[in-house]
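Visitor: Sequence:
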Amino acid sequence: MDATTGKALMRAQFKAVREGLSVGERRAIDEAIARNVAALPEFAAADAVFTYLSFGAEVDTRELIQRAWEAGKTVCLPRVVPGTREMRWYAVESLDRLVRSSFGVEEPPDDPSREVRPAVFACPVALVPGLAFDREGFRLGYGGGFYDTFLPAFPGASIGLIRACQLVERLAVRDVHDAPVNIVALEQGSAYVANR
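Using my numbering, you'd call the opening residue of the sequence shown number 4 and step up by one each time.
Treat the hints loosely; a few may be bogus.
For lysine to aspartate or glutamate, the following DMTMM-like pairs were computed, each having C-alpha atoms within a straight-line distance of at most 25 Å [claimed, not checked]:
hint: 1; residue 1: 18; residue 2: 110
hint: 2; residue 1: 18; residue 2: 63
hint: 3; residue 1: 18; residue 2: 89
Computed beta-carbon distance windows for the label pairs [claimed, not checked]:
hint: 4; residue 1: 12; residue 2: 96; range: 37 to 47 Å
hint: 5; residue 1: 120; residue 2: 27; range: 36 to 46 Å
hint: 6; residue 1: 50; residue 2: 173; range: 29 to 39 Å
hint: 7; residue 1: 175; residue 2: 97; range: 33 to 43 Å
hint: 8; residue 1: 25; residue 2: 118; range: 37 to 47 Å
hint: 9; residue 1: 19; residue 2: 123; range: 37 to 47 Å
hint: 10; residue 1: 107; residue 2: 152; range: 12 to 22 Å
hint: 11; residue 1: 99; residue 2: 138; range: 18 to 28 Å
Calculated from the structure, these hints are not laboratory results. No residue lacks a Cβ here, since even glycine has one placed at the ideal position from N, Cα and C.
Throw the hints in and build the complete structure from the sequences for me.
Guide: Below, the structure is given as structure tokens:
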């Protein structure tokens, strides 16, 4: 079995695991993950939070976004650059003016005056989604390669948000371009795993 087929099978498996949890179970787990992330020194010290806006059964990021705003941090959401594996990041002060992308997710409008780069911040942190993570910080994403492009150049700490039922010892299939996160945050706590 080649890597593409292997990843497709794993994606289907972990989507089923994730969606097998009830809404109430996900909510309780996600609240615990948010508390654990908020307790991390990297999150506390961050002046900017580069985060996905959760969609469907992903680990919910809305509480962390709200906490970041309340702490005076800049919150940045991604916008996919069509036809590429790149994301542009935009500072947002509310979730009211987002637009639906071709992927069906909400993104900030393409406003050049709001576009930001991680390198302009002294202490940025990134919250990273995934269908699964392993104990070395490698992730199984959705296959677009966006975070594999973003993470290697990100100057701050990257935190993978995942429920324990989606954590594996080691992902069976990895590509040379797969980029790990620094920290994996679960409902039971957080672990420093890579690039430390």
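Visitor: Starting from the hint list further up, note which numbers the structure goes against and sort them upward.
Guide: Of the numbered hints given earlier, the structure breaks just one, which is hint 11.
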